[in-house]
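A.B. asks: Each chain, letter by letter, is given below.
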Amino acid sequence: MGEAILVQTFVVVVIGGVGSFPGAILGGLIAGEILSLTSMIDPAYSSVMLFAVMTLVLLLRPQGLLGALGRD
Amino acid sequence: MLRARPLLVELLTALGLVAAPFVLPPLGFAPNTVNQILVWGLFGIGFDILFGYTGLLSFGQAAFYGTGGFVAAYLLTQGVMSNVLLALVIGTIAAAVVGIGVGIVALRRTGIYFAMITVAIAEMFFFIEFSPLARFTGGENGLPGVPAPRFELFGWHYQVGTGWSMYWFLAVCYLIGVVLALRIVRSPVGAIFSAIRDNPLRARAVGHAVDAYKLTAFVVGAAYAGLAGGLLGVLQGFMPPDAFMFDTSGQLVMQTAIGGAGTLFGPLVGATVWLFLRDFLQSAVGLGATWKLVLGVIFVLLVCFLRRGLIGGIVDLYNLVTRRREPPPVEAPQLGAVQPSATVGPSRRRQETPFSGPVLEARGLTKSFGGIVANRDIGLAVEQGELRGIIGPNGAGKSTLFKMLTCEMRPSSGQVIFHGRDITRMGVARVCQLGLTKSYQVNQLFARLTLRENVVIAALAERRGTFALDLLRRIDKVHGLADQVEATLALVGLTARADVPVAELAYGEKRRLEIGLALASSPSLLLLDEPLAGMSPRERAETMQLLKNIRRGRTLVVVEHDMDAVFELAERITVLHEGALLAEGTPAEIQRNSFVQEAYLGGVAAA
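Heads up: the protein sequence lines correspond to chains A and B, in order. Heads up: the first sequence begins at 1 in our numbering, then just goes up one per residue. Heads up: the second sequence begins at 73 in our numbering, then just goes up one per residue.
Hints are computed from structural coordinates only; laboratory data are not their basis. Treat the hints with care, since some could be wrong.
Unchecked claim - Only part of the chain A face toward chain B is listed, based on derived beta-carbon distances under 10 Å: (1) Ala-4; (2) Val-7; (3) Val-18; (4) Ser-20; (5) Phe-21; (6) Glu-33; (7) Leu-35; (8) Phe-51; (9) Ala-52; (10) Thr-55; (11) Leu-58; (12) Pro-62; (13) Leu-65.
Unchecked claim - Here are a few chain A residues that sit away from chain B, every Cβ distance over 10 Å (derived from the structure): (14) Val-14; (15) Ile-25; (16) Leu-29; (17) Ser-39; (18) Ile-41; (19) Ala-44; (20) Val-48; (21) Met-54; (22) Leu-59.
Because the structure is a prediction, the values reported are computed rather than measured. For each residue, glycine too, the CB sits at the ideal point set by N, CA and C.
Throw the hints in and build the complete structure from the sequences for me.
C.D. replies: Below you can see the structure in the form of structure tokens.
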């Protein structure tokens, strides 16, 4: 519990797109895969990867993967 | 902003810092707690400049706190250097440099997305520090053995110890931090920071390089964080890895909210409340770890009922108690026909090259949004000194045309030529610096500043260019600024209301200020987007007079729905219809034009 899950939830929503329910599901799947797959190689990097992917998504597609344009 | 009593705040801060060791212990503050408060307070000064003044909420300040702290601690514990002050300075610089990199990435987004990127980057920093760099940072053990500073001067030497001895060292650092921060917020750059907080769009439109100023605020915040991080290591004799954690950033934000953002001292007050409660509830009351439950309740109550924090609340209370009876509201005087309008002429700084031909030319301007064409192949030429009216029914594409002319919007195709120069691909700020600006259809003011401060922001852009880093220059030292501000206020007839906050102005006054903001940047060509919209008959008459006054020495283009006004003011009129040019000519020609009558005036004018 605590802010770890809070921050991860935020990451999920932002990756999927704020204001999009399917986006939250997609974001959750992606985040889960990133965390698990990175943990197979080196668990220490799992969070780094998650945040790196979120930053990348925000820079390339600011509205998130399934978010509508024009929301800010 | 312009009339801060010199050195008063600095002096009070110094007195407070001297008094603290005598006042605080009887209240139950241990020296170590007071020292921690100072470190948090210093950390918070930078954050407050970023959040309270510039309006950028970062949840990633821990990244810089940790960077500054670990760089300084590494240098000191690994035998690289023994001079504590030098190590602190290097740590601060390292944090600032990292801040430039992070800022460039994070500032590409605004609002919640900006905050999320700062969180993400800070978390990445934490994990990198924790694992791959553990060899340098000690991983979960941190770096123990950070020495306290030792001063040597002409044979006299002083070794800073723990407790109050450390306090004096930290107090001097804090005081320096406050003095510098006060200089920054009272500088032209500080004024522009608050303009960006209130209205980034307008700050850019009056000619400031908003992105560069945001980055400046971000780097200032990072530098303060780096210094505070270094001091944390020195204070504890140990650099803890959790300095990098999200907790640190979160605590900083909460402390600033408790104390009051935009006050510089808010974070210090917030840290005092936080750490006092921690000590008091944990040991005196015996709550142990559950003290955060009480803290949470107090935080929610404070944020709900004291939205501007403790300092904001105190200021409000002070104003309530001491407020002498309000002076009767000063009516803005009627605008007379004779005004010293020539004083705010086109800029003296810009050397206008002798140029013959149209001031502004649009060639084949087209703008389409998806399948909808808002403007189709519009050509336009405005001569020097002309007053051009642009009319057309709603949806004719007038506002889109204006946005393209001021480079707020890129045309799909076509060119905009200003003074013989192609400006099509330039930014709004750059174009404003060249002497072309507009007033907005919907007021775009700096809502939390006074009327005078609003005009100052616009005039600063003309005086200083798009970007200058005069962080420590006093704003009243900017050459010619005061004259230009006064002249602009006189021109729009708002001198008597200059110190009123914008939120308290009447609609017509706000509308005149809107034009004043555009005028203060001394444009040679001014575009006015529906200057008469929504005005009462009296306000309309005043604004008509204002338009007649400001047209001397300037070229104006006015979009307006008020037909009578356009036909009275304009020398030539351009009619747009369904995104295309329908007709152009003198008012008399337009009135006779049968296309216009059919499409727009509905034959009324012919009757």
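A.B. asks: Holds or violated: the hint that A/Leu-58 contacts chain B, with Cβ atoms closer than 10 Å.
C.D. replies: holds (6 Å)
A.B. asks: Would the stated hint for A/Ala-4 survive a check requiring a Cβ distance to chain B of less than 10 Å?
C.D. replies: This hint holds: A/Ala-4 lies near chain B, its Cβ roughly 8 Å from the closest one there, short of 10 Å.
A.B. asks: Measuring from the C-beta of A/Ala-52 to each C-beta in chain B, is the shortest one below 10 Å?
C.D. replies: Check passed: Cβ of A/Ala-52 comes within 6 Å of chain B, closer than 10 Å.
A.B. asks: Does A/Phe-21 meet its interface restraint, that is, does its C-beta lie within less than 10 Å of any C-beta in chain B?
C.D. replies: The hint is violated - A/Phe-21 has no Cβ within 10 Å of chain B, the shortest such distance being about 18 Å.
A.B. asks: Can we keep the A/Phe-51 interface hint, with Cβ of chain B closer than 10 Å?
C.D. replies: holds (4 Å)
A.B. asks: Are A/Ser-20 and chain B close enough, Cβ to Cβ, to be under 10 Å, as the hint says?
C.D. replies: violated (15 Å)
A.B. asks: For A/Leu-29, is the shortest CB-to-CB distance to chain B above 10 Å, so the non-interface label stands?
C.D. replies: Label holds. Min Cβ-Cβ 19 Å, cutoff 10 Å.
A.B. asks: Taking 10 Å as the cut and beta carbons as the points, is A/Val-14 off the interface with chain B?
C.D. replies: Answer for A/Val-14: violated, closest chain B Cβ roughly 5 Å.
A.B. asks: Compute the least Cβ-Cβ separation between A/Leu-59 and chain B, then decide whether it is above 10 Å.
C.D. replies: Per Cβ check, A/Leu-59 is inside 10 Å of chain B; nearest 6 Å; violated.
A.B. asks: Per the stated criterion, does the least C-beta distance between A/Ile-41 and chain B lie above 10 Å, as a non-interface residue requires?
C.D. replies: Nearest chain B Cβ is 13 Å from A/Ile-41, so the label holds.
A.B. asks: Should the hint that A/Thr-55 touches chain B count as held when the rule is a Cβ pair under 10 Å?
C.D. replies: holds (5 Å)
A.B. asks: Beyond 10 Å from every chain B Cβ: check whether that's true for A/Ser-39.
C.D. replies: holds (13 Å)
Of the hints listed earlier, those the structure fails to meet are numbers 4, 5, 6, 7, 13, 14, 19, 20, 21, 22, in rising order.
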